[in-house]
Amino acid sequence: MSFINYAAREINCKIVYYGPGLGGKTTNLQYIYDKTNPKSKGKMISLATETERTLFFDFLPLNLGEIKGFKVRFHLYTVPGQVFYDASRKLILKGVDGIVFVADSQIERMDANIESFENMIGNLEEQGYTIKSVPYVIQYNKRDLPNAAPVDEMKKELNKDNVPDFEAIAIKGTGVFDTLKAVTKLVLIDLKRKTGA
Amino acid sequence: MENTQFILYEEEYKKINEIILRLAREANAKFVFLVDKNGQLIAHCGDTEDIDTTSLASLTAGNIAATSGLAKLLGEKEFSVLFHEGERDNIHITLIGERIILVVVFDHRSSLGLVRLRVKKASQELKKIFDELTEKIQKEMQAEELESPFSEITDEDIENLFSE
Ligand SMILES: Nc1nc2c(ncn2[C@@H]2O[C@H](COP(=O)(O)OP(=O)(O)O)[C@@H](O)[C@H]2O)c(=O)[nH]1
Ligand SMILES: [Mg+2]
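Those protein sequences? They're chains A and B, same order as listed.
Using our numbering, the first residue of the first sequence is number 1, and each one after it goes up by one.
Using our numbering, the first residue of the second sequence is number 1, and each one after it goes up by one.
There is no bait here: all hints are sound.
Here are some, though not all, of the chain A residues that point toward chain B, as calculated from beta-carbon distances under 7 Å:
1) 5
2) 12
3) 42
4) 64
5) 87
6) 95
7) 185
8) 191
No lab work stands behind these hints: they were computed from the structure.
Just so it is clear, the structure is predicted and the values come from calculations on it, not from any experiment.
Where a beta carbon is used, it is the ideal one built from N, C-alpha and C, also for glycine.
Construct the entire structure; sequences and hints are all you get.
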């Protein structure tokens, strides 16, 4: 749920990167952090285990610039992907304005992608959202790997709603900003619709 | 209700700032801030210059979220007050209504007892303002009178955000 602050003339939106464990969500945020100029970003926070698996969330605040005299701020979060961290995922989804679903292209992770996608739908419904009401995009990550499933096949399984989708190699940054840009666009358009008279 | 748009106007912002300023002074706090449950900073005052308030806001909300998850597991409705004691600084966190978090950071110049007392009064005042604000927003939404700078946003505006 976005927050419009008239006094400070700013608007804040929350984007969540969702997907199976080790799919590349943290890598997306890390790349965005590394490539964003210091003036436009805050600190990146990672609440991770000793083995660098996301424990609770990663957080990256971004200032995108201004629209109609309002500073536009996006707060990016990732969820922990491991199945047993479902309670944490639910918490992070609260108040979400837009979602990036990061799928792992490796063919042997297809089941994990589908399971995570269904888990996301379930958790959204628990919060009183439906997948149709939340703007989201899909990223097919790890396209560099030899065991990557054909994109068509992944689309068939994951993109039944025909939302914007992107191929990515997050470790190199390929597709990372295209994905971010697409979801922020959808969120702002949604905001326009929600607040428009 | 939790999913309705959260909007803060100048008028309420002013009132809120007055309350937290007074709270900071009367409780001898280092600083005070208000965060919404989704981790967005609403207002702050005191010596926050060297503090990364954005991170603080997000972590506070994460903290509250985790604690309320714990409460649910135990069959409690909510733990409405949290207190973290450090060697130098202490953090006192209070939930105000359904979605606002009040955080007071203090050191040896104050005490838990004093902070608790002052927070109690300030929370009641803040709750009243936020309740009224919620009502106002809901009314405006129903009447479709909600004025937003974003209702006239164009594709170009959005495109420009990414074009530097
Ligand atoms: N080959 C390859 N590895 C990647 C890519 N993106 C991420 N990884 C690696 O996959 C692992 C898990 O990534 P991480 O971002 O921690 O996944 P998360 O659990 O979704 O946050 C790390 O070792 C990354 O370096 C990619 O595009 N290609
Ligand atoms: Mg991670």
